[in-house]
Each structure stands twice: as structure tokens, then as C-alpha cells.
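There are 2 protein chains.
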Amino acid sequence: MATKYGNAIVGQSGGPTSVINASLAGVFRTAKDLGYQKIYGMRNGIEGLLKERYVDLSEHIRTGLDLELLKRTPSTYLGSCRYKLPFAEQDGAVYEKLFAILKKLDIRHFFYIGGNDSMDTIAKLSDYAKDSDITFIGIPKTIDNDLGMTDHTPGYGSAAKYIAASMKEIVRDTNVYDMESIGVVEIMGRNAGWLAAASVLSRGEDCDGPDLIYLPESVFDYNDFLSRIQELKKRKKALVIAVSEGIRTADGAYVCEQNKGGVSLMDPFGHKLLGGTALYLSDFITRELGIKSRGIVFSTLQRCASHLVSRCDITEAYAVAAHGVRIAGLGETGKMTTLLRIGNDPYQTQTGCCDVREVANFEKTVPQEWISAGGTDVSKAFVDYAKPLIIGELDPFMVDGLPRHSYLPN
Amino acid sequence: MATKYGNAIVGQSGGPTSVINASLAGVFRTAKDLGYQKIYGMRNGIEGLLKERYVDLSEHIRTGLDLELLKRTPSTYLGSCRYKLPFAEQDGAVYEKLFAILKKLDIRHFFYIGGNDSMDTIAKLSDYAKDSDITFIGIPKTIDNDLGMTDHTPGYGSAAKYIAASMKEIVRDTNVYDMESIGVVEIMGRNAGWLAAASVLSRGEDCDGPDLIYLPESVFDYNDFLSRIQELKKRKKALVIAVSEGIRTADGAYVCEQNKGGVSLMDPFGHKLLGGTALYLSDFITRELGIKSRGIVFSTLQRCASHLVSRCDITEAYAVAAHGVRIAGLGETGKMTTLLRIGNDPYQTQTGCCDVREVANFEKTVPQEWISAGGTDVSKAFVDYAKPLIIGELDPFMVDGLPRHSYLPN
Numbered sequence: 016m017a018t019k020y021g022n023a024i025v026g027q028s029g030g031p032t033s034v035i036n037a038s039l040a041g042v043f044r045t046a047k048d049l050g051y052q053k054i055y056g057m058r059n060g061i062e063g064l065l066k067e068r069y070v071d072l073s074e075h076i077r078t079g080l081d082l083e084l085l086k087r088t089p090s091t092y093l094g095s096c097r098y099k100l101p102f103a104e105q106d107g108a109v110y111e112k113l114f115a116i117l118k119k120l121d122i123r124h125f126f127y128i129g130g131n132d133s134m135d136t137i138a139k140l141s142d143y144a145k146d147s148d149i150t151f152i153g154i155p156k157t158i159d160n161d162l163g164m165t166d167h168t169p170g171y172g173s174a175a176k177y178i179a180a181s182m183k184e185i186v187r188d189t190n191v192y193d194m195e196s197i198g199v200v201e202i203m204g205r206n207a208g209w210l211a212a213a214s215v216l217s218r219g220e221d222c223d224g225p226d227l228i229y230l231p232e233s234v235f236d237y238n239d240f241l242s243r244i245q246e247l248k249k250r251k252k253a254l255v256i257a258v259s260e261g262i263r264t265a266d267g268a269y270v271c272e273q274n275k276g277g278v279s280l281m282d283p284f285g286h287k288l289l290g291g292t293a294l295y296l297s298d299f300i301t302r303e304l305g306i307k308s309r310g311i312v313f314s315t316l317q318r319c320a321s322h323l324v325s326r327c328d329i330t331e332a333y334a335v336a337a338h339g340v341r342i343a344g345l346g347e348t349g350k351m352t353t354l355l356r357i358g359n360d361p362y363q364t365q366t367g368c369c370d371v372r373e374v375a376n377f378e379k380t381v382p383q384e385w386i387s388a389g390g391t392d393v394s395k396a397f398v399d400y401a402k403p404l405i406i407g408e409l410d411p412f413m414v415d416g417l418p419r420h421s422y423l424p425n
Numbered sequence: 016m017a018t019k020y021g022n023a024i025v026g027q028s029g030g031p032t033s034v035i036n037a038s039l040a041g042v043f044r045t046a047k048d049l050g051y052q053k054i055y056g057m058r059n060g061i062e063g064l065l066k067e068r069y070v071d072l073s074e075h076i077r078t079g080l081d082l083e084l085l086k087r088t089p090s091t092y093l094g095s096c097r098y099k100l101p102f103a104e105q106d107g108a109v110y111e112k113l114f115a116i117l118k119k120l121d122i123r124h125f126f127y128i129g130g131n132d133s134m135d136t137i138a139k140l141s142d143y144a145k146d147s148d149i150t151f152i153g154i155p156k157t158i159d160n161d162l163g164m165t166d167h168t169p170g171y172g173s174a175a176k177y178i179a180a181s182m183k184e185i186v187r188d189t190n191v192y193d194m195e196s197i198g199v200v201e202i203m204g205r206n207a208g209w210l211a212a213a214s215v216l217s218r219g220e221d222c223d224g225p226d227l228i229y230l231p232e233s234v235f236d237y238n239d240f241l242s243r244i245q246e247l248k249k250r251k252k253a254l255v256i257a258v259s260e261g262i263r264t265a266d267g268a269y270v271c272e273q274n275k276g277g278v279s280l281m282d283p284f285g286h287k288l289l290g291g292t293a294l295y296l297s298d299f300i301t302r303e304l305g306i307k308s309r310g311i312v313f314s315t316l317q318r319c320a321s322h323l324v325s326r327c328d329i330t331e332a333y334a335v336a337a338h339g340v341r342i343a344g345l346g347e348t349g350k351m352t353t354l355l356r357i358g359n360d361p362y363q364t365q366t367g368c369c370d371v372r373e374v375a376n377f378e379k380t381v382p383q384e385w386i387s388a389g390g391t392d393v394s395k396a397f398v399d400y401a402k403p404l405i406i407g408e409l410d411p412f413m414v415d416g417l418p419r420h421s422y423l424p425n
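Chains as they are written, first to last, in this note's numbering: chain A, 16 to 425; chain B, 16 to 425.
Keep in mind that the hints were calculated from the coordinates and are not lab data. Check each hint, because a few of them may be wrong.
To be verified - Calculated cross-link-like contacts (lysine-lysine; reagent style BS3-like; alpha-carbon spacing at most 27 Å):
hint, chain 1, residue 1, chain 2, residue 2
1, A, K252, B, K112
2, B, K145, B, K119
3, A, K119, A, K19
4, A, K99, B, K251
5, B, K145, A, K249
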């Protein structure tokens, strides 16, 4: 039984999340339990593997405590990359090199934890290796929640929880003085507004939540923006507005591009790096309406604040990874594991899988029917969808007053 | 016994903190226990009181649970103000109005929770009322830790804990890819670098912490900044730099003023509102050295993130308030309560008090001997001072996955 599985290798790719290491823990522990042989970890994903940078995970994760600490560590334990694998027809040499390394390590199972671009990698590798005996499985991960075929993605729930909790605190902070004031809070999301939409979860018995919510799924209009603020100001002195970094006007121009101070860089996938939306809009409000306004940017904190993870999220991050290890053992390849929602009352999901080609390079956006108030709010249906994903906590291991993390030296 | 104390009124003033409501809880509960009569709360400090906006706190804080929830609520429960009380010789009418309101409410004890400017208010009121039978007591509060006569201020420890915990997460996030990258993290502090210095607490067995720390107490030099980065880049790909928002060059110019996009506003006290330091420096690094750099601004989150308070801080915030109520009952007036450190091993403080005039309008900065590495780091003496202040947690009351707050409608 034990020998049936052979060696495995696992990598992490794309942007950090608070729970991507819980998926790594899920791969490692399940593989150990099932009787896999060596379990390697790529340093900095495929990019590092191509330089033969990897570790034997058993040498680093030795105890149950190590595993629990790993689950509580944000960003990526193994390091990540933004490496776009070329098509085999374009650059066969990369594939030959990669498969030579896999052969040398006698790898039978390849796991890659990541988002759209990582699933593209899995699709290409499993296509290339369709006649080999190596299985390639993708484990979903992204705070952006923009992967298709899965109800939601691990990483989203914890980012949503951080955004909603911080939004509650910002709403209180913005209301501290008896004076007119507007906070504009910028939340990650280039084309999909799932994260900005999650700010609505702050709304409840003890908090008004954001007064306006702008997603990239709707066209942004400066005049409408100002007139809505003026309308709201008739009954409230302090307003808080949530904006996705990627909001655009009807001509397709990003709001953040209006900001002369903003830097316009591209990442290696040719995605424009955004930023400056909140600062531009807060200046715009002050200039046009003469109201004190402050831009607040969650920046990288929303993707790495493991001190406030969602228990639901971290459990599911572990579960989709464990499921990947199980199906790889059954010979599945070219698949991404998924979460299927059974119901909300009580909330329940089960793990499944889909063809990774159905996920790669596709972005799932917030459905139009969940966007309300003329593109300035989200509906109850969204709240029902998102609320269960932020439930529960997993307390950090606190040492000297701070969360302790797992640490793998370079 | 019970009648000896009469009525009291308490207000909150200045910027929000995560634990200012713990001080309010300390005033309320101790006053109740000692047998004070009515305990009023000013809405939005003196400014609201002058408009006769106040509440009877007993109508809102009814149970032990209410009190515990209040301790876990950030910003100010009663609302705050930035109201500069004029000198009595300049505007006697304000004083007459205020004391008429106090007389109408039959107030015997006046408590004001705040920072430098609030202590100035207490100094002026107690001077004006020196022949009356009303006592005026200041309760220290500020994340800035810039009040004299007290070892440290309530509010600082929780902000320091949030900064250090978030810094650990940012350091991990910045190290995620195998590429050159620099994060510049902007931390509050106009003239005093206590908060930026606290970022050093992230440094430990599992984290390098910030590679450079710049405080307003040292002169900032652009060329030295670049050469230190180039030196560090020889051995590390990813760097994180902590900067106080108020750093200045030798000619006294704020770094943030270099940022054309920055807005230069004044607050009602004539303090320049800062911001833009991190964004300017990250652009500067990219421009001069061609290295990818990101500016991250903690903004208001560092002063209102009650989901991650320091237990030490919240306990002391309550204790200095309780002490204020006790000394007011003994007839003391024109005093601010203080924390005196007994020792670090074990860490222990006791409460005391000082003449509020010794505190008002004075800013305590980080001692030069605690600043090291040519103004780019802080010493072990600082760490020994600050570390005990972030120890321990007070878990929020989580409802639907989010911290619940206490809420007083306007």
C-alpha cells in the first residue's frame, strides 16, 4: 500500500494569502497519511524548481506543532513566483528541463497551489505529460475569488473577514468628530469586485458599514459619484466609501490612472499594477465639494493578515488540498479541486474537482444581479453568499505579544 | 458615604485609540463603585458639552456585558473633538457658558480623557475654577506616546502591537517572490517616533523585521537613504523600511511635502496634516535605483484596530481612569493620572498623578540614546521599554465572524 504513491512535489504560486500555507499543510499531512514517499517543496514555484531549488518537507515539518504553526503563517512558506509557463510549441526546452528534474527526483505527483495563472501552468504541464505517469493537480488559492468552477476560493474568506473587520473600525474612526468627513477605502480587485463587495459585511446592528460600494463590474461615473455623496451628506456628517482598485469610467479608463502621482507598472503577465484610486477620489471630493476626505488603502495587509483568519476559510484551504492528494493517488491529472456549497443553513461544502482547462485564464466576476443601488451597493444575495465564509477564528500562537510564524530560511 | 461624591461628567478628546473606551469604562465603573451620583458623558467632548449634548451613562451602560463590550470598542464611544479652549482672559464667555452648564447638572467631578491638547483644557479649567468645588482630572490617552510625566500612555501599546504584528505580515509578504523588492511602510508620528520605533518589535526568531527605521527625531538624508539601501541589497533581495510620517531633512522640510500629490492641510490646532511620505519614498527608490518598491500606509487602522489590542494596554487604560476617579474623590484637581514603571522583570506599573500643567502642550520624543545605526534603527533599551506594553490579548466578542462594538446613536 505505502509504495503505491511514490514521490510528490508541491509548489505555491501567485499572490500571497493568509491561508495558502494551510493548503500546503493539507498536501503534506494527507500525503504522509496516505503513504506517499518523499514530499518535496519547490522554492518559489516553477521558477525555483527550474533552478533546482527545492526542499524535502519532512526535514522541516517534523511535528504536529510545526504543522499547526504552518497553518497560521501568512504569505507563502515556500516562496512564490509569477512565472508564465510558455506553450510547449514555443519553448520545448523549458519543458525538457522541468521534466528532467522531475525524473531525477522520481516525482509521481505534482501539486500547484495558485490562481488562474497557476491553473494555466497545470493545464500545460498535464497536456505535455499526458502519456507519462505523473499526475498534475491544481489546488485553488486566491483572495480575489475569481476562479470559475468552484463556489469560492480559499483565501477569499480570510481577506473578506479582514476587510469587513477593518471597515467596521474605520467607520467608527471616521465618525469620531462632529464634523463632515469622508473616508475612501481602496480594496484589491482589478476586474472582480468580490473583495470590495465584502466590505458590506461590516453593516449590521452596530455599524452602518460603507455608504457606497463601487465594484469594477459597474461603470464608474464622477458626476453620479458626487451627487450621491451630496445626497447622503444631507443626513450624515461622516461617510465611508469602499472602492475596488480597478474601477473604470465608461471609456474604460481606470480611475487610478487619473492620479498623476500613481505609478503605472505591469506585472510579468502584462496585468497593469493598480493603485491610487482612493487617494485620487479623496482629493477629488475635497476639491469638488470642499469636504475633508481621507484615502485609506488596505494594500498588502488584506492578503497577509493571518492574525485574523476565517476558520471556515482555513479549514477549506486544508480540505481542497487534502482532496487533491487523494484524487492524485487515484490517478487523476489535469484537475483542479473545488468547493461545492451544499447549503447555507447550516453552511456546508463538499470538495470536488473539475478539468483545470475550464478554470485557467478565466476570471469570475460578481454577478450583475448581486449589484444593487445603481452600482453603488450589493444585494442580500451577495451577503448570504459571503457571510458564512468569514465565520470562526483560528487563534495565532502568540509569543511575546505577537503571532509566531513558521520560517524557512532562503 | 454615597452622597459625598456628587455628580460627575466625563469626556473624550483628540484622536481615537483602541483603548480609550476602556478608560471610559474605568471612569464609569469606579465612579459607580465609589458611590458617585449621576455620571454624565459629554458627546464630542467640550465642543458638544457647550451645545449641551450629553448623556446619562447609566442609561446606556446597564450590565457587566455592556461594560466589557465598551472596553472592546475602538475610536470613542462618546465621540471626540479637536476643540482648543481659549484662555479665559481672551474669551470669558465660553467659560461662563461651560460653568453654567456644569452648575445646571450639579457637576462636582470633571474627567477628560485625551492627549496634550486635552491636558491643556484641564489645566485651563482647573485654573479658572480654583475657587470652586469642582475637580478637574485628566486621564492620559494617545497612541503617540508623547506625554511627559508618565512612563507611557494608554493607547500606545495597542497601536504598537498592531504595527509590529502587521509589520511581520508585511515582511513575509514582501519576501514572497525571488526578486528585488522594497516595501516602505508609513507609520503615524509627527514629531515623536514612538510608533515607527515599535515596528522593531517584529524582529525576532521568525522575522528580520524592518531593515531600516526612520524617526522624526533624526534628520533624514536622501543620499544616505539610497546608499544604505544599496548596501543592504548586496545581501538581501527584499527590504522593508519603516518611516514616521513626520521625517524631515536638515532644512526642516517634511519628506511628504516633496510629494506634489500630497495635500497640505492644517488641523484646528495649526498642526500640519501629514501623509504621502511612504508613497514619495517608494517612487523615489524606483526612480533612483530602478527597484520595484511599494508604499504601504497604516493610516487610521493603527489607531482603531481593536481586534488586536494589547491586554497590558487595555488594563492600564482602565487603571489610570479608575485612579483618576479615586483622586478626584479625595479632592485633587488640575492633575493628570500617570503610569510609573516599577520594573520589567516582571513588568509592573503603578498609577500616580502629576500636575497637569507639566504635561500640557509638551511632546515627549524618543531619547537620542535609544536611536541607533546613524538614525536608522532603535536600540535594545527601546525594545526593553516597549516589549512589555504589547503583551497579552483581549479577545473581541465575535458575532457573525466580526468583532462586535458598543454603539451610541448620534
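Results of checking the hints against the structure:
Our distance criterion of 27 Å between C-alpha atoms is met by A:K252 and B:K112, whose separation comes to about 26 Å. For the given pair, B:K145 sits about 19 Å from B:K119 by alpha-carbon distance, which is consistent with the 27 Å threshold. Distance check on the hinted pair: A:K119 and A:K19 sit about 18 Å apart at the alpha-carbon level, within 27 Å; holds. Taken as a hint, the A:K99 and B:K251 pair is honoured in the structure, with Cα atoms around 25 Å apart against an allowance of 27 Å.
A hinted pair counts as satisfied when its Cα atoms are at most 27 Å apart, and B:K145 with A:K249 does not qualify at roughly 43 Å.
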